[in-house]
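Colleague: Those sequence lines, one after another, are chains Z and Y.
Residues in the first sequence are numbered from 371 upward in steps of one, following my numbering.
Residues in the second sequence are numbered from 4 upward in steps of one, following my numbering.
Hints were generated in silico from the structure; no laboratory data involved.
Glycine is no exception: its CB is placed at the ideal position from the N, C-alpha and C atoms.
You may find that some hints are simply not true.
Unchecked claim - Dumping the calculated DSSO-like pairs for lysine-lysine here, alpha-carbon to alpha-carbon at most 27 Å:
#, chain 1, residue 1, chain 2, residue 2
1, Z, Lys535, Y, Lys410
2, Y, Lys32, Y, Lys114
3, Z, Lys375, Z, Lys388
4, Y, Lys434, Z, Lys470
5, Z, Lys470, Z, Lys480
6, Z, Lys506, Y, Lys434
7, Z, Lys373, Z, Lys427
8, Y, Lys410, Z, Lys521
9, Y, Lys305, Y, Lys434
10, Z, Lys478, Z, Lys560
11, Z, Lys498, Z, Lys480
12, Z, Lys480, Y, Lys410
13, Y, Lys410, Z, Lys448
14, Y, Lys410, Z, Lys470
15, Y, Lys410, Z, Lys478
16, Y, Lys443, Z, Lys478
17, Y, Lys337, Y, Lys410
18, Z, Lys470, Y, Lys443
Stated by the list, open to error - Quick list of simulated restraints, FRET-style, between CB atoms:
#, chain 1, residue 1, chain 2, residue 2, range
19, Z, Pro484, Y, Ala116, 37 to 43 Å
20, Z, Leu441, Y, Asp435, 32 to 38 Å
21, Z, Glu483, Y, Asp435, 24 to 30 Å
22, Y, Thr14, Z, Ile422, 51 to 57 Å
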Amino acid sequence: MLKIKDLHVEIEGKEILKGINLEIKPGEVHAIMGPNGSGKSTLASVLAGREIFHVTKGEVIYNGENLFDLLPEERAKKGIFLGFQYPIEIPGVSMVNFMKTALNEHRKFKGEEPLSASDFLKLMREKKELVEIDSKLTNRSVNEGFSGGEKKKNEIFQMAMLEPKLAILDETDSGLDIDALRIVANGVNKLKTANNATVVITHYQRLLDYIVPDIVHVLYNGKIVKTSGKELALVLEEKGYDWIKNEME
Amino acid sequence: MEFDKILSTYTVIDQLADLYDNARSSLYKYAPPFINELREKAIKTLKKNGFPSTKKEDYRYTDLEEKFAHPYKNVFSSPLIDIDLNEVFKCDVPNLETHLVLTVNGWFYDKNAPLKGLPEGVIIESLKNVAQNNPELIQKYFGKQVSINNDALVAFNTAFFQDGLFVYIPKNIILDKPIQIINILLSDNDLMSFQRNIIVVDENAEAKIVACDHTLAPYHYLTSQVNEIFVEKNARLDYYTMQNEHNASTQLANTYFNQKENSSLISHTVTLHGGLIRNNIYSKLDGEGAEHNMYGIFLIDKNQHVDNYTQIEHAKPNCYSNELFKGVLDDYAKGVFRGRIYVAPDAQKTNAFQTNNNIILTNNAEMHTKPQLEIYADDVKCSHGATVGQLDEEALFYMRSRGIDEKNARLLLMYAFAHEIIDQIRIEPLKDRINNLVEKRFRGELSKCNNCSYNCREPEK
Chain Z
371 MLKIKDLHVE IEGKEILKGI NLEIKPGEVH AIMGPNGSGK STLASVLAGR EIFHVTKGEV
431 IYNGENLFDL LPEERAKKGI FLGFQYPIEI PGVSMVNFMK TALNEHRKFK GEEPLSASDF
491 LKLMREKKEL VEIDSKLTNR SVNEGFSGGE KKKNEIFQMA MLEPKLAILD ETDSGLDIDA
551 LRIVANGVNK LKTANNATVV ITHYQRLLDY IVPDIVHVLY NGKIVKTSGK ELALVLEEKG
611 YDWIKNEME
Chain Y
4 MEFDKILSTY TVIDQLADLY DNARSSLYKY APPFINELRE KAIKTLKKNG FPSTKKEDYR
64 YTDLEEKFAH PYKNVFSSPL IDIDLNEVFK CDVPNLETHL VLTVNGWFYD KNAPLKGLPE
124 GVIIESLKNV AQNNPELIQK YFGKQVSINN DALVAFNTAF FQDGLFVYIP KNIILDKPIQ
184 IINILLSDND LMSFQRNIIV VDENAEAKIV ACDHTLAPYH YLTSQVNEIF VEKNARLDYY
244 TMQNEHNAST QLANTYFNQK ENSSLISHTV TLHGGLIRNN IYSKLDGEGA EHNMYGIFLI
304 DKNQHVDNYT QIEHAKPNCY SNELFKGVLD DYAKGVFRGR IYVAPDAQKT NAFQTNNNII
364 LTNNAEMHTK PQLEIYADDV KCSHGATVGQ LDEEALFYMR SRGIDEKNAR LLLMYAFAHE
424 IIDQIRIEPL KDRINNLVEK RFRGELSKCN NCSYNCREPE K
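The shape of chain Y in the complex, shown without the other chains (with noise of 0.2 Å):
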């Protein structure tokens, strides 16, 4: 039994090993060397570790061999996209002026329209053709936050990645609208695919940047993404992701946070739908007076699986750390739940919070959750609790003695409960819409946060 076990990881990984050396010619081919000397570091470390499997700790309820043993296509050049996504893609949030950019399949979409009235300096490109015109601007940035030995899904995507975003915000710069990135899933057939982030805000800048995941075909999908995102001294940044993809997508997100002195930054990771979602959320507070607050709330239904999984290391002293993280778990759907805070031995005068409360709707589903914290600084004010429960039955008996159904006034709790994390949200007319799309994936009517001409429904099993 264990010995089969074994045997299927390697399975996979042999698999993956052969597809990397297929692809080699083609994952060098716009990449400086910087890229692809850790690239191949980070095959080497993936052929010699694999992905983790549910006997390890911070696997335990989440098994991704059982997601990598999916016969995915693998595409390792531009998707054509032979219809105008600018067109079809209209986001309807209203009043939301933004810079808009979409991916496509992890790629940058070659058609995007161009940005208009974006202040001197600032760049918003494919990360493809900064590595292979402007290498230089990455250099610093790239593969210095992340660690292809301590997490295998990061190794993953260093080894395949061939796309993604660069954004910088140069110094002083203030940003007035926002960013928002789209990114689609498209195909004629099941797809794995990778994207890689590097957002840079410098010193005494501020931005705003929404970042919307989406699927578009029925299709089973596999996306890898590594978000690496620096905070430099004094800057401001609130970064926004939106997860909205259909029951039979996988998706494997890792977010780095690099935050130096007195920055300020604001997370959050809304999950409104997906197969199996791991985030994986790691925040350094890398200067002293730095701040982070960290929210994520997750709405899951039917099977879905959903793992927050995620680390605040205070580095430095006299830095905050908020985490405020909820789930609402419908039907058979698993949610997990670590929450790890490291305050390193002279990070005195650390304030670090952490909070995750969850409801459960039915006997079926399920909630791991997991406070880890790790202080080696003795003056400090820690604290975290978790809560896994149900709707306040004394609350629904107020409510329909009033005269509301219970169909309702459980809706009303469940609102009262996810608006505590969508309240933090300092966009207003994004804040709106997220409220609403929160209120119809609780009714049970399908979200979509545009008017897109796609039927978003998933592929027959």
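For reference, chain Z alone in the conformation it holds in the complex (with noise of 0.2 Å):
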């Protein structure tokens, strides 16, 4: 599904990935932990599109197409979603008029018809019962006064309507008390497909009790150091980032 070959990204000329190698296959968790200012959330953003980044080596694979050919708009309409470590506030702009717009264009995309007002409505409404968000919410303006938690959820009840093929979670635990660590992680959890991948990036081991990797990876320094099953995570729980460090050192 996506084949990352060597890949080198910058910002402002210091460069933050120094050459990343990942495969990930339909059906599969993986998780990439590693300390604060490793390149995990760089990763995810410069794979969902954002510009600030220059991309200066290497390539990115997804089904079959070259990623950087890609609009940001054009990715998630291929179904990349980025859950994001701080999702963003807009006023004024409705969450049901957000989530109706980007619906349709993914669904025009597919040659589908736009969902009626109904339908749509129903489909909210099942959807938010599965992150178990509060139904006011979905009344307000896009993230605005919505608690971290809340904000958090709100990815994830996203990520529900649009169904993608490759979910990349930033962070979606950070800020989280462990009820809402929980109803989000069970619903990333019903998410899941033999079809779909998904990629969680995290800081602490706590949320892989919930959502189980099959492949866990440490990023540090700009590079994958350590590949391994679910256990390596167990491993850094309790030894911490410096074993990597002193090993890599």
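Since each chain comes alone in its own frame, lean on the hints to assemble the complex.
Modeller: Shown next as structure tokens:
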């Protein structure tokens, strides 16, 4: 599904990613862990199409296409979803209008008719239950006045609405209490099928108790320095990142 | 260079002075002495002072001289319109039932359909007719708030106006349907026109008024409008202005609000389209407990130019004003906002808030904003804030990452920006309609607020 080959990325002349190699297949759950500043969020943003980053070397092939030939909205319509670490507030744009516009763009892309108002509301209701999001929130402006936990739930709600092939969840666990963490993780697990893949970017092992990865990578200083099964997360939890750092130096 | 400039100003004023002398008998014809006396003072003041040049702070970004230099025709008699505008100009705002009156080139339209179901004592009439037949009705109000010395545009209007509207809502009357005033420009040539409106909402009365300005012919227009609006003790008024003229129009509109004790006013100035528009809005809170929510928005592109020059005067204690103006500027458009809040020495417990937010979509558009607070009382709450910026890049990326293309994402953000103002409109069908027009405007589709058969295009340059 996704093949990253020797990816180098800069921002303002500073190299952040220094040769990433990664392959993701349908049905897999990958966890990318690593200390602060290792480049985890940069990787997520570059895959979603954030323009402030410069790819200096390497390539990313997504379902046979060069990902960097696609605009962010095209990537989204082809099934890439980024769960933001810091979801953006958009005053004046209602959640309903936002989601309806996005969903209908996806449908148009697939050659489907736009959903009728009643079908759309029905779908919203269904998906809201999945992430146990408060009904009132969807009547408000996008993320405006949402608590940290509500914003993260809202990301998973949007993911549920858009049904991506490849979901990249950037620190979706940060700022969540244990109940919200469970709800968010349950939502992600329910959306998992044999045809889609999930990349969970996280700092802590905690989330991985709920979303069990098939493969765990450790990103350190712009490179993937370790790849292993889910047991790697437990080792990291126990020994901390210093263990990796020491091993590298 | 300097001398040339002064010289050219004098030429425009000299022309207007000659025009006045030649038209004096027409101008005097229907008006009572108290109007004509003020006319004479007005033309004298105008001759003496001229129009303000861009050297004057208040007109620094808006060059009137250039606009006056255009050779407009002047018609000092009621226009002859050989078609029935009531038929042509059906307002297609769904579910909006109004008391509808039309003006043409500043004149009360003589074939206005009679208004049905108005409560007793309500007057919606030609100002000319009232001045001629019942001048005592307007004597108390005419020229009482305006200053021909301080504002050349008022002097200009006072010298030349002949007609307009007189609206009077008597004490304790609550008007259930809004009054809709449609000001039409329609001619076979370039035209300069004048209109004077006096609106009085008497004690404890309530009214909603919607005024729309339209061009229905492809000529250059210069219109001068002065509105004198009185909201008496305990009275309530919603006053909505919608400016929707083509790019070859110059619109000079002065609006004066005077409010007495515990009166409540909401005013909206929505500018959808126009060539050069200067709105001078003066609000005087002249009785304790009065409140004014003053809103305005313009959406301009190409070489359009809008200058909103506003002033709120807190003359008495315990009044509330909240001013929110916004602008969206595309292409080479130029916008100006001046917001002056004046709090008189005795106006304690004043609450006065002002915000001006603008979005600039290109590198070539220009916005000048200037808050100006003058506070002479010590126990007041006042605030102001102005922003000029671009659309939020983070929000754009967020939307694009969900599959919304850049163009639509930008549109969504622009609607969101405008809706904060439009949501304050308290006539639901009108709000829906303006929302719709704003969306069309942003999409670059021609926004017409009527299903008229005129092709309201611009004249050739």
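Colleague: All hints, please: hold or fail.
Modeller: Against the structure, the hints:
1. Under the criterion of a C-alpha separation no larger than 27 Å, the hint pairing Lys535 of chain Z with Lys410 of chain Y is consistent with the structure, at around 25 Å.
2. Between Lys32 of chain Y and Lys114 of chain Y the CA atoms are separated by roughly 21 Å; this keeps the pair inside 27 Å, and the hint holds.
3. For the hint linking Lys375 of chain Z to Lys388 of chain Z, the alpha-carbon distance of about 11 Å falls within 27 Å, and the restraint holds.
4. Simply put, Lys434 of chain Y and Lys470 of chain Z have alpha-carbon atoms about 22 Å apart, close enough for the 27 Å limit, and the pair holds.
5. Only pairs whose Cα atoms come within 27 Å are accepted, and Lys470 of chain Z paired with Lys480 of chain Z is accepted, the gap being roughly 15 Å.
6. Our distance criterion of 27 Å between C-alpha atoms is met by Lys506 of chain Z and Lys434 of chain Y, whose separation comes to about 24 Å.
7. Taking the CA atoms of Lys373 of chain Z and Lys427 of chain Z, the gap is about 14 Å. The hint holds against a cut of 27 Å.
8. Only pairs whose Cα atoms come within 27 Å are accepted, and Lys410 of chain Y paired with Lys521 of chain Z is accepted, the gap being roughly 25 Å.
9. Restraint check: the Cα-Cα separation between Lys305 of chain Y and Lys434 of chain Y comes to about 26 Å, which is no more than 27 Å; the hinted pair holds.
10. Using a Cα cut-off of 27 Å, the hinted pair Lys478 of chain Z and Lys560 of chain Z holds, with the two alpha carbons roughly 26 Å apart.
11. Of the supplied pair hints, the one linking Lys498 of chain Z and Lys480 of chain Z holds, its CA atoms being roughly 24 Å apart against a limit of 27 Å.
12. Proposed proximity of Lys480 of chain Z and Lys410 of chain Y is supported: the alpha carbons are some 20 Å apart, at most 27 Å.
13. Pair hint Lys410 of chain Y plus Lys448 of chain Z holds up; C-alpha atoms about 19 Å apart against a cutoff of 27 Å.
14. Simply put, Lys410 of chain Y and Lys470 of chain Z have alpha-carbon atoms about 16 Å apart, close enough for the 27 Å limit, and the pair holds.
15. Between Lys410 of chain Y and Lys478 of chain Z, the direct Cα distance comes to roughly 16 Å. Compliance with the 27 Å bound is thereby established for this hinted pair.
16. For the hint linking Lys443 of chain Y to Lys478 of chain Z, the alpha-carbon distance of about 22 Å falls within 27 Å, and the restraint holds.
17. The straight-line distance between the Cα atoms of Lys337 of chain Y and Lys410 of chain Y is roughly 23 Å, inside the 27 Å bound, and the hint therefore holds.
18. Pair hint Lys470 of chain Z plus Lys443 of chain Y holds up; C-alpha atoms about 19 Å apart against a cutoff of 27 Å.
19. Take Pro484 of chain Z and Ala116 of chain Y: their Cβ atoms lie about 42 Å apart, and the range 37 to 43 Å holds.
20. The hint said 32 to 38 Å for the Cβ distance between Leu441 of chain Z and Asp435 of chain Y, and at roughly 33 Å that hint holds.
21. Taking the beta carbon of each, Glu483 of chain Z and Asp435 of chain Y are about 25 Å apart, inside 24 to 30 Å as hinted.
22. For Thr14 of chain Y and Ile422 of chain Z, the Cβ-Cβ distance of about 56 Å falls inside the hinted range of 51 to 57 Å, so the restraint holds.
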